[in-house]
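Asker: Sequence:
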Amino acid sequence: MCSAQKFVMRRAGLTMVTRSRSRSRGSGAGPRGAGEEAAPVRKGEANAEGKKSHGPAKRQRKTQKLSVAYEASDDEKGEGAKLPEAPGWEPPDWQQQLVNIRTMRSGKDAPVDQLGAEHCFDPSAPPKVRRYQVLLSLMLSSQTKDQVTAGAMERLRARGLTVDSILQTDDSTLGALIYPVGFWRSKVKFIKQTSAILQQRYGGDIPSSVAELVALPGVGPKMAHLAMAVAWGAVSGIAVDTHVHRIANRLGWTKTATKSPEKTRAALEAWLPRELWSEINGLLVGFGQQTCLPIHPRCHTCLNRSLCPAARSRGGP
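All the letters of the sequence shown, read from the start, carry residue numbers 1 to 317 under UniProt numbering.
Note that these hints are calculated values from the structure, not bench results. Possibly wrong hints are sitting among the right ones.
[Claimed, not checked] Here are the simulated DSBU-like pairs of lysine-lysine, each with C-alpha atoms no more than 30 Å apart in a straight line:
#1 Lys108 <-> Lys189
#2 Lys128 <-> Lys259
#3 Lys145 <-> Lys192
#4 Lys189 <-> Lys145
#5 Lys259 <-> Lys189
#6 Lys145 <-> Lys128
Given only the sequences and the hints, what does the whole structure look like? Please build it.
Answerer: Shown next, in the form of structure tokens:
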């Protein structure tokens with residue numbers, strides 16, 4: 001039997017390689033000092049050497065203590081050897097742009113600040129009624145200025161705005177109450193249909209998930225995320241309307257240009273820290289109402305004029 005014995009064993013996901021030390025020198029083997037470590041053995045070599053000896057066993061010399069080396073198993077190599085993931089994409093100047101927008105919006109004097117969905121419900125109404133009124137104000141706000149939405153909500157609330165009162169109101173009267181909101185005829189139909197569903201399935205309350213909210217007639221993703229935030233106090237996503245969609249693209253907050261608010265929402269949520277999601281809608285909507293207008297934006301008064309790709313393309317500094 002060879003003077004060197006090698007044992008390969010698996011223990012706790014590691015390959016443990018052992019070799020006994022002998023005082024004798026095998027053929028071709030150089031001398032080793034008393035403190036020299038035995039070299040690790042590959043698995044193939046260990047198997048090959050184990051097959052070399054076929055003669056009768058010889059008397060073994062006294063061996064020294066075993067030296068132990070550990071080799072990572074395949075599973076461990078696959079898991080532990082992973083490199084840290086590279087940071088995801090983010091706009092180069094977004095933090096300073098955000099600081100500047102907050103500064104420009106510090107007055108909180110845009111229409112959305114006084115007439116947005118969080119200001120259109122009756123704070124003295126029961127919670128279930130308040131949530132219903134939030135949803136209705138969001139349904140009315142589509143393609144409509146905040147001032148017009150607030151006026152319609154005021155007229156509806158004067159008659160007692162509940163699921164039951166809406167279902168008892170005929171279509172012509174409801175139309176007269178919400179006019180001149182955008183697409184008011186379609187909204188009369190959607191409000192009636194949604195109110196009936198809420199009465200039948202939710203006991204007059206509104207759903208508490210985005211999936212259920214967008215399933216209601218006349219309720220889109222932006223309305224659903226705002227309803228979750230205002231009515232339920234939950235951050236489910238970034239509410240992206242035409243203002244947020246326009247400004248995000250102008251500032252370069254999307255990796256590539258997006259063609260719809262929903263694509264903009266997905267692009268923003270991919271990099272914007274979640275703790276900022278609830279702030280972005282109100283912040284950018286007001287900014288879009290006062291400074292970053294759809295037509296003829298007021299770039300000359302904007303603190304981001306030197307950081308905004310759209311402003312630079314218009315010949316700004």
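Asker: Now tell me if each hint is right for this structure.
Answerer: Now for the hints, and whether the structure bears them out:
1. Lys108 <-> Lys189: 34 Å, violated
2. Lys128 <-> Lys259: Given that 30 Å is the threshold and the Cα spacing comes to 36 Å, the pair is violated.
3. Lys145 <-> Lys192: 22 Å, holds
4. Lys189 <-> Lys145: Satisfied, since the Cα-Cα distance of roughly 20 Å is no more than 30 Å.
5. Lys259 <-> Lys189: Distance ~29 Å between lysine 259 and lysine 189 Cα, so the pair holds.
6. Lys145 <-> Lys128: Roughly 26 Å between the alpha carbons, so the hint for lysine 145 and lysine 128 holds.
Checked against the numbered hints above, the structure violates hints 1, 2; every other hint is satisfied.
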